[in-house]
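Chains as they are written, first to last, in this note's numbering: chain X, -11 to 338; chain Y, -11 to 338; chain F, -11 to 338; chain R, -11 to 338.
If you're looking for bench data, these hints aren't it; they were derived computationally from the structure. One or more of the hints may lead you astray.
Copies of the same chain are indistinguishable here, so a pair counts whether it falls within one copy or spans any two.
EDC-like mimics (lysine to aspartate or glutamate), calculated; alpha carbons at most 20 Å apart, straight line [to be verified]: (1) K285 / D43; (2) K285 / E229; (3) K240 / D36; (4) K86 / E102; (5) K285 / E45; (6) K240 / D290; (7) K86 / E120; (8) K78 / E114; (9) K335 / E79; (10) K32 / D52; (11) K(-8) / E157; (12) K335 / D209; (13) K32 / D43.
Since we're looking at a predicted model, the values are computed, not measured.
Protein chains: 4
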Amino acid sequence: MSAKIPVTVLGATGVVGQRFVRRLAHHPFFVVQHLVASERSEGKRYRDACAWRLDGEPYGGLGDHVLGPGSEEGSFSPVVFSALDTGPAKEMEPAFAKAGALVFSNASAFRMAETVPLLVPEVNGEHLGLVEAQRRHHGWKGAIVTNPNCTATVLVMALAPLHATFGIEAVMMTSMQAVSGAGYPGVPSLDILGNVIPFIRNEEEKVEEETPKLLGRFAQDHIEMAPMVVTALCHRVPVLEGHTEAVSVRLKGNPSPEEVAKTLREWRAEPQALGLPTAPRIPVHVHDLPDRPQVRKDVEGDGGMSVHVGRIRPCPLLGIKFTLLGHNTERGAAGASILNAELAHAKGLA
Amino acid sequence: MSAKIPVTVLGATGVVGQRFVRRLAHHPFFVVQHLVASERSEGKRYRDACAWRLDGEPYGGLGDHVLGPGSEEGSFSPVVFSALDTGPAKEMEPAFAKAGALVFSNASAFRMAETVPLLVPEVNGEHLGLVEAQRRHHGWKGAIVTNPNCTATVLVMALAPLHATFGIEAVMMTSMQAVSGAGYPGVPSLDILGNVIPFIRNEEEKVEEETPKLLGRFAQDHIEMAPMVVTALCHRVPVLEGHTEAVSVRLKGNPSPEEVAKTLREWRAEPQALGLPTAPRIPVHVHDLPDRPQVRKDVEGDGGMSVHVGRIRPCPLLGIKFTLLGHNTERGAAGASILNAELAHAKGLA
Amino acid sequence: MSAKIPVTVLGATGVVGQRFVRRLAHHPFFVVQHLVASERSEGKRYRDACAWRLDGEPYGGLGDHVLGPGSEEGSFSPVVFSALDTGPAKEMEPAFAKAGALVFSNASAFRMAETVPLLVPEVNGEHLGLVEAQRRHHGWKGAIVTNPNCTATVLVMALAPLHATFGIEAVMMTSMQAVSGAGYPGVPSLDILGNVIPFIRNEEEKVEEETPKLLGRFAQDHIEMAPMVVTALCHRVPVLEGHTEAVSVRLKGNPSPEEVAKTLREWRAEPQALGLPTAPRIPVHVHDLPDRPQVRKDVEGDGGMSVHVGRIRPCPLLGIKFTLLGHNTERGAAGASILNAELAHAKGLA
Amino acid sequence: MSAKIPVTVLGATGVVGQRFVRRLAHHPFFVVQHLVASERSEGKRYRDACAWRLDGEPYGGLGDHVLGPGSEEGSFSPVVFSALDTGPAKEMEPAFAKAGALVFSNASAFRMAETVPLLVPEVNGEHLGLVEAQRRHHGWKGAIVTNPNCTATVLVMALAPLHATFGIEAVMMTSMQAVSGAGYPGVPSLDILGNVIPFIRNEEEKVEEETPKLLGRFAQDHIEMAPMVVTALCHRVPVLEGHTEAVSVRLKGNPSPEEVAKTLREWRAEPQALGLPTAPRIPVHVHDLPDRPQVRKDVEGDGGMSVHVGRIRPCPLLGIKFTLLGHNTERGAAGASILNAELAHAKGLA
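With the rest of the complex left out, here is chain X (with noise of 0.2 Å):
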């Protein structure tokens, strides 16, 4: 086995910046070279800067790794996780991209961006392909890959292979999502214990825009948006990790619920085949118990790296309508990074 890739964890610790540790700090391909977090952090050991929120071992046993400066040049690895808040993130990470580094970000700041991959590697390992035009574009060495808005992560994840098998000219989503979404100190307990909040700044936004990007075609210099309508309903609930979304889809040919099962069941894609160590073994677990799945009880399978999808049935308006459920900080936040660097690792990039 060929030596491990270093690589720098930027925002290292917050909540997401955590979970990349944690995966990190035993990974076959990556080894943690550089932690960052804020100016006033640096110099001190992670143990010492850092309020650990996860359970397993504490700060992935590297509590006294020092944490290094916000810079390139003082904290370059040739891959970089990203956990910073857009601010931050639209500084930073073009300067480590040009610098040299392939930087997986978790950010939203350039996700939209026409040369920038929006990659989940189950749905669109294609569009890897516009590294080479972003690389062009910036005349930079290394690049930017996102990964998307949690929600729409999990959505597109059900989406992928319906829109694969049959086309889906029009999604409604509506969903019910955990407050570790919001980061920590994040959802006082004062707003949402026994309550449901009916607004989610930005999120609809987000999952209707980002979704057709997602689900779009690969041509070589952007990507082809897919040509159907989204529309999201976006909820906090008082639940602590998992998003729940009711998803109707219109699909051509009107397929019934027995194919849509069947074809979300028998789903296999790039990162199956290849054997990457963060995907999971089957993507979409479809649930056959009336009331399942269920976020406190299925979320947490496969590292969170699977989705669920159970209740399929006709819907009188659309087709199809269903129960779909995500992990939001590991399928939508680090594992989903942490996955898109084992894709472009195994195509060379990386």
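Following the hints, put chains Y, F and R in place on chain X, whose structure we already have.
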């Protein structure tokens, strides 16, 4: 003021029954004559037969009332409120109607029967006209008048003014429902803490079939169903009281969100004109704050008898989408039956 | 009726400040003259400076009130209510007192100061006598009167009649406290959903030191601490409003649970005798049901101003144990300060 | 390695029964021979008789196992695990013991019987010696061995090393208990959402009487109760798994918090020395962070078999107070019985 009308409450010890009792304890038109629960409760005092679960005055002040028999002879009153389950409702409600009582029922047993009004006073008061056909058809002196499923009730409170003003072609409704909708003991805490359950037995079917009847046209001996497509996706969430509904509608003429807001805000109906005691002054509250209505903060206003709408915005698929909120055990159950009786009384029926 | 006394609310936009405003909006003795929040809010209307978080009439009907400056010159009233944090309280409360105002403070800054009354009107009204010593000592025309920590307030409401009747030697109190006690945004939902947090900074210390002062004897220029051992164990639980306290006490003469219940049930104090507007008619409700009081079901009664006791039973170690419950942001904060001002007013001080 | 010992699980379809099955499905000493539930389940497959509520492999992989009869003839194995309710336990456990089985019971029926071991292997392994007296007294070939109430089990895990090292004179324990302790369906969500219930039937009595037996001295044909005062105050809180206990103790010699921490941290007992498969490597984890242990974050470690202690600090009344945490359905139920059986096996009894 004329003498109050004596009433019987069937199923008086359950959670809806208790809400009936609390509302009837000091009602301007009605006075409790008989409280009826199960056979083994007959002869007991209400305080001994009933585990009182509401706040306010325990037992509605009727703790010493002795429970009557479950027969129409032993517990007859000219007006009857039924909080029975479907099974007992199927037997007892016709028996009381035959004996001459006007039965206002929260049960689902006869909601879709051809000559039974499925009544929401703000929405379809003229459906009370079915009582005549019902009496003729069965040869009864009394009659059965039902209120709809709680989720459907809340829904039609917002749909009725839109249907009257614009005409509705299609509705998609995704609900996030309170645990109180399942009665007591109802949903086990082990199932719902930190969870979303994407299934409530028969709930979607009820919403889909009751809505077109509720918005239908009175045609002497039956209701002509409103010609619209309704699709419902129902979920249980860890909320105590109040159903949140994410609603999308296709309206004729494609009105703007502002026109929809104006229509809802200005809507007043017969119960408001008549000043019925249980009717809210404003049936639909339209909220301007981007994150309202919220169930825990808004649902208890007006004794739970108004509904709340917010986030009225364009839907790329159906035209308009919004958040809707209402009280499932008041507007959707106990308060509903009592408002029905008040309307019947105002119209000279009760 | 004489003219109402003008009052200033410091910290008017926070959650306790909002409760002050709601209670003062229609108060028989007081009328709001100045609302004060942070510097950057000066000159704004209350509705624009404040995210209103309570139910009932928004902004207490004072939405158009323009916020005043934070100085005693610009915002002076003869009576001041302070919902400030400790830091600002340390500066502003003495400034207003020096300028002649009677400051009723919910802050902890001066609670243990020798000449500052730590007042619960039912418990130690005579401690108001300290005001004279305070004025003499500081050369102030006004004075500062504080109410205790919310957990201590609830505790002494049950301890006071027991101390007066039997004499208390030792108290052990284990609390299960609502999230509202931490203000807004306060406790992150990620921390408390489905969890118990066994630590609230400085809370145990406050209960242990404030209780003996509260139950102490007025000695002209100081309070003689009540000679009792108090130990507190404080926890945060996923409850919105209301602190539950498991209390064990060693009483002189070893009274029976029945004697303790009778003492608590029959207790009436000065605010009840004076009929102060915010005082509950019955200060301690003694529950007979074996599983009451319960915070969600009982705490909102009497505007949150009474406390609840149940399960009075023998303790093999200390003699008596019971469950105690009270409203942390009303009896323990906003309602407390206002009741203090009412007592001062009734005694001719305000 | 010798052949595995066949075992019977009584009450196999309940929540504790399911945890037995999950733990026994791949156990190094034991193999499931009979699963027994109610009479009407006899002859059904486990997957058809049981609503599986745990995560991990459904039915522990035993979904096709056919349920046996409830008689000691029909379902005999040399080792029996009982997850029965008290009523059935009183009949079936003696029948199996008489027939020669060693019955490891989670039921409360025989816990306080004079010759029945109330066993926690780390705490009182020598109590297994009672088996001989029990056999002699009843003329049985088999025997009944019980594990304590879940709350008491967690408590004695922390008390045992303190009692051995210093000697305990008095204990006050206030619990905040998970809903899973009430089984399924158990606590209604309407009762516990946003609430604290200050009453769990018989729970305080069990803790107060079982603790002195657990810490007592084996005296051949009975246990000499440990001479200490125990008082318990038990509460239900909206937590899924894990009991939090606020504990105060009076220890002989008045040791410091540091000495107590050291004693707990260094404690290892017989199951650790024997390396029993279900025993945690470290029985008591002592936490240093001021706000830990927290039930949702800490309780699932070590398969739920260790307990957690934090905030060891002086108590002005009893000397020492601390926070204690343990898993009620593993350390306090299923895992407890199985560890008991492992100890009995290691000592040549099973």
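Tested hints:
no.: 1; hint: K285 / D43; in the structure: both (17 Å within a copy, 7 Å between copies)
no.: 2; hint: K285 / E229; in the structure: both (11 Å within a copy, 13 Å between copies)
no.: 3; hint: K240 / D36; in the structure: neither (55 Å within a copy, 38 Å between copies)
no.: 4; hint: K86 / E102; in the structure: within (17 Å within a copy, 65 Å between copies)
no.: 5; hint: K285 / E45; in the structure: between (23 Å within a copy, 12 Å between copies)
no.: 6; hint: K240 / D290; in the structure: neither (32 Å within a copy, 47 Å between copies)
no.: 7; hint: K86 / E120; in the structure: within (14 Å within a copy, 72 Å between copies)
no.: 8; hint: K78 / E114; in the structure: neither (25 Å within a copy, 61 Å between copies)
no.: 9; hint: K335 / E79; in the structure: neither (28 Å within a copy, 65 Å between copies)
no.: 10; hint: K32 / D52; in the structure: within (9 Å within a copy, 49 Å between copies)
no.: 11; hint: K(-8) / E157; in the structure: neither (44 Å within a copy, 58 Å between copies)
no.: 12; hint: K335 / D209; in the structure: within (18 Å within a copy, 71 Å between copies)
no.: 13; hint: K32 / D43; in the structure: neither (22 Å within a copy, 39 Å between copies)
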